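Engineer: Residue numbering for the sequence shown follows this note's numbering, starting at 1 and increasing by one per position.
Please keep in mind that the hints were generated in silico from the structure rather than gathered at the bench.
The structure presented is a predicted model; accordingly, all values stated were derived computationally and were not measured.
Each residue gets a CB set at the ideal place from its N, CA and C atoms; glycine is no exception.
Hints may be right or wrong, so weigh each one.
[As the list claims (entries may be wrong)] Pairwise CB distance ranges, derived in the manner of DEER restraints:
#1 Asp36 to Ala74: 46 to 56 Å
#2 Gly43 to Ser8: 47 to 57 Å
#3 Asp36 to Lys7: 25 to 35 Å
[Said to hold, decoys possible] List time: in silico DMTMM-like cross-link candidates among lysine to aspartate or glutamate, alpha-carbon distance up to 20 Å:
#4 Lys116 to Asp15
#5 Lys40 to Glu127
#6 Lys116 to Glu34
#7 Lys119 to Asp103
#8 Lys40 to Asp29
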Amino acid sequence: MTDDPNKSTGSLLGDALTHVSSLVRNEVDLARAEIDENLKSAGVAIGMIVGAVVVALTALNVLSAALVAALTEAGIPGGWAALIVGVVFAIIAYAMLHKGSSDLKLSSLAPSRTAKNVKRDAQTVKEVYDDK
Numbered sequence: 001m002t003d004d005p006n007k008s009t010g011s012l013l014g015d016a017l018t019h020v021s022s023l024v025r026n027e028v029d030l031a032r033a034e035i036d037e038n039l040k041s042a043g044v045a046i047g048m049i050v051g052a053v054v055v056a057l058t059a060l061n062v063l064s065a066a067l068v069a070a071l072t073e074a075g076i077p078g079g080w081a082a083l084i085v086g087v088v089f090a091i092i093a094y095a096m097l098h099k100g101s102s103d104l105k106l107s108s109l110a111p112s113r114t115a116k117n118v119k120r121d122a123q124t125v126k127e128v129y130d131d132k
């Protein structure tokens with residue numbers, strides 16, 4: 001904006017609309033960038049869930065027999081040894097699944113910084129027009 005005191009009301013209104021339009025475009029661009037960033041985080045969380053499944057299956061297949069055999073050698077009947085091993089692996093898998101699922105909550109994907117900026121911008125515009 002220039003400091004021309006002779007600007008018409010229409011010209012001032014046009015300048016204001018141009019600035020508001022630019023502000024809205026910038027906020028939309030910021031929201032897109034923030035959503036993209038949050039979706040990348042969601043991709044990592046999904047990767048953690050997939051990793052949890054792979055690790056759980058691998059661990060069950062490779063270590064189960066060895067642990068059951070070790071517990072059996074220690075004097076625990078085979079059925080009980082297998083149950084103990086299965087429960088331990090299930091707890092580990094649940095912990096990993098819970099962590100990945102909590103990272104995927106919708107609130108963590110929302111563009112919260114953009115929402116704060118829009119509220120701040122709206123408040124600033126309101127204050128400017130309330131002062132006049």
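Engineer: Could you run down the list of hints and mark each one as holding or not?
Structural biologist: Hints versus structure:
no.	hint	in the structure
1	Asp36 to Ala74: 46 to 56 Å	holds (54 Å)
2	Gly43 to Ser8: 47 to 57 Å	holds (52 Å)
3	Asp36 to Lys7: 25 to 35 Å	violated (40 Å)
4	Lys116 to Asp15	violated (25 Å)
5	Lys40 to Glu127	violated (37 Å)
6	Lys116 to Glu34	holds (12 Å)
7	Lys119 to Asp103	violated (26 Å)
8	Lys40 to Asp29	holds (17 Å)
When held up to the earlier numbered hints, the structure conflicts with 3, 4, 5, 7 and fits the remainder.
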